[in-house]
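Residue numbers (the UniProt record's numbering), protein chains in the order written: chain C, 1 to 287; chain D, 1 to 237; chain A, 1 to 343.
Treat the hints loosely; a few may be bogus.
Which stretches of chain D does chain C cover? Using the computed rule of at least three CB atoms under 8 Å from a CB of chain C, they are [unchecked claim]:
#1 64-76
#2 84-96
Which residues of chain A face chain C? A few of them, derived with a C-beta cut under 7 Å, are [unchecked claim]:
#3 Gly-109
#4 Val-118
#5 Leu-178
#6 Val-298
#7 Gly-303
#8 Leu-308
Read the hints as simulated data drawn from the structure, not as lab findings.
Cβ coordinates follow ideal geometry from the N, Cα and C atoms, glycine included.
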Amino acid sequence: MIWLDTLLQGLMLGGLYALFAAGLSLVFGIMRLVNLAHGDLIVLGAYLILGLCTALGLHPFLAAVLALPLMFGLGWLLQTALLNRVLGEDILPPLLVTFGLSVVIQNALLMGFSADSRKLPVGPIEAQSLPLGPVTVGVMPLLTFGSAILVIWGLNQLFYRTALGRAFRATSDDPVTAQLMGIRPRSIFAIATGIALVVATIAALYLGARANFDPAAGPARLLYAFEAVIIGGLGSLWGTLAGGLVIGVAQAFGAALNPEWQILAGHLAFVAVLLLRPRGLFPRAYD
Amino acid sequence: MSPLLELRGLTAHYGDFQALFGVDLALEEGRTLAVIGANGAGKTTLMRAITGIARVSGGSAALAGARIDRMAAPDILRAGIAMVPEGRRLFPSLSVEENLRIGAHARRGNGFWTLARIYELFPVLRDRRLQPATALSGGQQQMVAIGRALMSNPRVLLCDELSLGLAPVVIREIYAAFPTIRDSGAAIVVVEQDISQALKVADAVHCMMEGRITLSGPPASLSREAIHDAYFGVRHA
Amino acid sequence: MTRKTLLPLILLIAVPLLAALPVIGSRALVQDLFMVLCLLVLALNWNLLAGFAGLVSVGQQAFVGIGAYALYACVILWGMDPLAGLLIAGLVAMALSAPVAFFAFRLHGAYFAIGTWVVAEIARLCLGQWKALGGGTGTSLPKGAAQEMWGAETVRALIGGSKAAAVDALTYWLALALVVVMLVASWAFLRSRMGLGLQAVRDNPVAARAVGVDPTRLKALVFLLTAFGTGICGGLLFIQIGRISPDAAFSLLDWTAFVIFIVVIGGIGTLPGPVIGVLVFYGLERLLADFGTVYLIVLGLIGIAIMLFARRGLWGSFLLHTGIDPLPLSHAAPRAGSANRSF
C-alpha cells in the first residue's frame with residue numbers, strides 16, 4: 001500500500017514537472033530554441049503572482065489569472081527584442097543570451113525580494129485531501145495534475161486544430177516557405193514564447209502554492225523540465241507529460257528509500273532512459 | 001497604364017556572386033509569361049528575388065506601379081504575388097487540406113479560389129485531403145503546391161519548375177489546369193527547363209542565360225533555332 | 001617584430017613579472033591573482049571545448065568538483081602529498097569524463113549543454129553522500145597537509161614570511177605554471193593536424209568529414225583533455241581554499257558561469273580571448289564587487305550585449321576592425337594583403 005501511495009505522489013509531482021516542461025517543449029518544437037532562463041522565468045512568474053496577491057489583496061488563483069496576460073506580454077517582448085536577434089544556425093548565441101538572462105533574472109529577484117524563501121498563501125485548500133480508494137491524495141497535488149493534463153491537451157488542440165497552430169507547424173517545418181504563405185516567422189516566434197510564458201505562469205502558481213521558492217529556485221526547475229522534454233521525445237507534447245511523470249515517479253521512489261536521494265533518483269532515471277532510448281519515449285517521426 | 005508586374009534592371013547577389021544582371025520584364029494583366037533557360041541561368045533566383053526570398057541588390061520591381069523590391073516576403077504575398085516554389089516545398093507536418101488552408105493564411109475577404117474550387121480543379125486531392133501532404137505522389141504534391149499558392153487569390157502566380165522530376169503524362173495533367181487558372185484572373189509566370197509545355201501555355205517567352213534575358217518575344221515569332229541558341233548560348237557564325 | 005616571435009615575447013615579459021609577485025606583492029594580491037589565474041585556466045579549457053570543438057558545456061563544474069574531491073580523498077583518506085594528489089585529481093576527472101562523454105554525446109547543441117549540467121548535478125549529489133569527506137556539509141583540509149607539502153619549505157626559505165603565505169605563493173606559482181602550460185599546449189594543439197581538423201569541423205563539418213576528419217573522435221579527445229586540465233585546476237583551487245563542500249566544489253556560478261562570461265567577453269574561439277576576458281572580469285570585479293548582486297546583473301547584461309552586438313568578443317572585434325592577427329593559429333603561407341584572416 002505504501003508503494004501505491006508513493007506511486008501516486010510521484011505521478012502528482014510529475015504533473016508539476018510536466019507544467020514546468022510544457023513551455024520549453026512548445027518553444028523547442030517551433031523554433032529549436034532552448035531557453036536556459038525558463039526555470040528563472042517560472043520563478044519570476046511566482047514572484048509576480050505573489051506581488052499581485054499582496055498589492056491587490058487577491059487570492060493567488062485570481063492573481064495568477066491577472067499575471068497571465070502580463071507574462072504573455074513579457075514573453076512576446078523577450079522574443080521580439082532579444083531572442084529573434086540571435087536565432088540562427090549557430091546555437092551559441094541563443095544559448096549564451098538565455099544563460100545571461102538567467103543570471104540577470106536571478107540576481108534581480110535577489111535584489112528585489114532578498115534570498116528569503118516565500119510561499120503563495122492559498123489558504124485552507126492546501127491542507128485538504130480526498131480519499132481515492134485505498135489512498136488519500138491532497139487537493140492541491142490533484143489540481144496540479146489536472147491542470148497539467150488540461151494544459152497539455154489545450155496546447156495540443158491549439159497546435160493541431162487552429163490556424164495559429166497550423167502556422168506554428170508550418171514555420172517549424174520550413175520558415176522560408178512559410179514566408180511565402182504570408183507568415184511572419186518572427187511574430188509567430190513571439191506569440192509562441194508568449195504562450196510558453198503563459199504556461200510558465202500556471203506552473204509558477206502551483207510551484208508557489210505547493211512549496212517554498214526563492215530567487216535561486218529556477219535552475220533546478222529548468223533541469224527537471226529539460227529532462228521531461230528529452231525523455232518524452234523532442235516535439236511531442238504528450239511525450240513531455242509522460243517525461244514529467246517519469247521524473248516525478250522516480251523522485252518519489254528515490255525519496256521513499258532515502259530523502260537525500262530524491263533529486264538524484266530523478267536525474268538517474270533521465271540518464272537511464274537516454275541510454276536505453278536516445279530519442280526519448282515518443283520521438284516525432286521526422287525532424 | 002503600367003504593366004501589372006514590371007522589373008527594371010533587376011540585379012541580385014549571393015554574397016560576392018552576382019546571379020542576376022539587370023533583368024527587364026513586363027507582365028500584363030491576364031497574360032502568361034514563360035521564362036526558360038538551362039540549369040543555373042538565374043531563373044529561380046529571379047523568382048526568389050520577385051517574391052522577396054532573395055534580396056534585390058539593384059534595379060526595381062513593381063506590382064501595379066507600386067514598388068515591391070524592398071518589401072519582405074510576407075508583405076509581397078499580401079500585395080498579391082504567390083509562388084509555387086521549386087521542389088514544391090510542402091509542409092510535411094501538415095495534411096493536404098492544411099497545406100491548402102495555410103495558403104490562405106494572409107487572405108482578407110473573399111476571392112475566386114476557395115477550398116471547394118481547388119478540389120474542383122484537382123479532384124484527386126479531395127479524396128486524399130486528410131493524408132500528410134508528403135505521402136502523395138510527386139504529381140499530386142505539385143497540385144497541392146499550386147492549390148496552396150492559389151488559395152491566397154494572387155494577382156500574379158509564379159510557378160518555378162513545375163515539371164521537374166515528373167512524368168510527361170503527369171506534366172500534361174498539371175498544365176491542363178492552366179486555362180482555368182488564367183480565367184480566374186491571375187497573370188502567370190512559368191519558369192521551366194522543359195520548353196515544350198511552357199511554350200504551349202505562354203503568350204510571351206523570355207530566354208535566360210547567365211543571369212540575363214537574352215531573347216524575348218511571342219512563342220510563334222521565335223524560331224526553334226533562336227530559342228536553341230539563347231538556351232544553350234551557341235552563337236552561329 | 002615578426003608574428004612568430006610575438007607570443008614567446010609576451011610570455012617572456014609577463015611570466016617573470018607575474019612570477020615575482022609573491023616576493024614583491026602583498027599576500028592579498030597573491031590570493032586575488034591566484035583566483036584570476038585559476039579562472040583563466042578554466043576559461044582556456046572551456047574555450048577549447050565550446051569555441052573550438054563546438055561543445056558548449058554548462059557542466060564543467062563537474063570536473064572542478066571531481067578533481068577537488070579526488071584531491072581531498074588522496075590527502076585525507078590516503079595520506080598522500082597534495083602535489084601528487086593534483087595529478088590524481090586530473091587523472092580521475094579525465095577517467096570519469098569518458099563515461100560522461102558516452103552519455104552526453106547523445107545530445108546535441110543546446111541539449112548537450114543541459115545534459116552536462118545534469119551530469120554535474122549527479123556528481124554533486126553523489127559526492128554529497130560520501131560521509132568520509134563530510135557528506136553534504138563538507139570538510140576541511142588538515143592544517144598541516146598543505147603547509148607541509150612538497151616545496152612549501154623551500155618556498156618559505158626563499159620568500160620568508162609565514163607558513164600560510166608560503167602555501168599561497170606555492171599554489172600561486174602552480175596556477176601560473178598551469179596557465180603557461182595551458183596556453184602553450186592549446187597553441188600547439190590548435191596548430192597541430194588535429195587542432196586544424198577541429199577548426200575545420202567547426203567551420204564546415206560536412207567538408208571536414210569529406211577530407212577525412214572524424215569530428216566525434218576529435219571532440220571526444222578535446223572533452224577528455226579539458227577534463228584533465230579542469231580537474232587539476234579544481235584540485236589546486238581547493239588546496240588553497242582549504243575547505244570543501246559539494247555546493248562549493250560544484251558551483252555553477254563560480255566555475256562555469258564566470259568562465260563562460262570571461263570567454264564570451266574576451267572572444268570565444270580565439271586563443272587570446274580568455275586572457276583578455278579574465279583581465280576585464282578582474283577589473284569589473286574590483287570596480288563592482290562591493291555591490292554583490294549588481295555585479296552579477298552587469299556581468300549578465302554584458303554577456304547578452306556581446307552576443308547581440310559583437311559576437312566574437314573584444315579580441316574578435318579587434319581582429320575584425322583592424323585585420324591584424326598578431327597571434328595566428330594557421331600555418332600562414334607568405335602572402336600579400338590580409339584577405340584571408342586566420343582565426
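Okay, the segment 84-96 of chain D and chain C, do three or more residues pass the C-beta test at under 8 Å? holds (count 6)
Under the criterion of a CB-CB separation shorter than 7 Å, is Gly-109 of chain A in contact with chain C as hinted? The hint holds - Gly-109 of chain A has a Cβ within 7 Å of chain C, the shortest such distance being about 4 Å.
Taking a Cβ-Cβ distance under 8 Å as contact, does the segment 64-76 of chain D have three or more residues in contact with chain C? It holds: at least three residues are needed, and the segment 64-76 of chain D offers 3 whose Cβ sits within less than 8 Å of chain C.
For the restraint on Gly-303 of chain A, tell me whether the closest CB of chain C is nearer than 7 Å. holds, 4 Å
Interface hint status, Val-298 of chain A versus chain C (Cβ within 7 Å): With a closest approach of 9 Å, the Val-298 of chain A hint is violated.
Mind checking the CB of Val-118 of chain A against every CB in chain C and telling me if the closest is under 7 Å? At about 6 Å, which falls below the 7 Å cut-off, the nearest Cβ of chain C leaves the hint on Val-118 of chain A intact, so it holds.
Let me know if the C-beta of Leu-308 of chain A comes in closer than 7 Å to any C-beta of chain C, holds or violated. Constraint on Leu-308 of chain A satisfied, holds at 6 Å.
Going by Cβ atoms only, is Leu-178 of chain A closer than 7 Å to chain C? violated, 26 Å
Hint violations for this structure: numbers 5, 6, all remaining hints satisfied.
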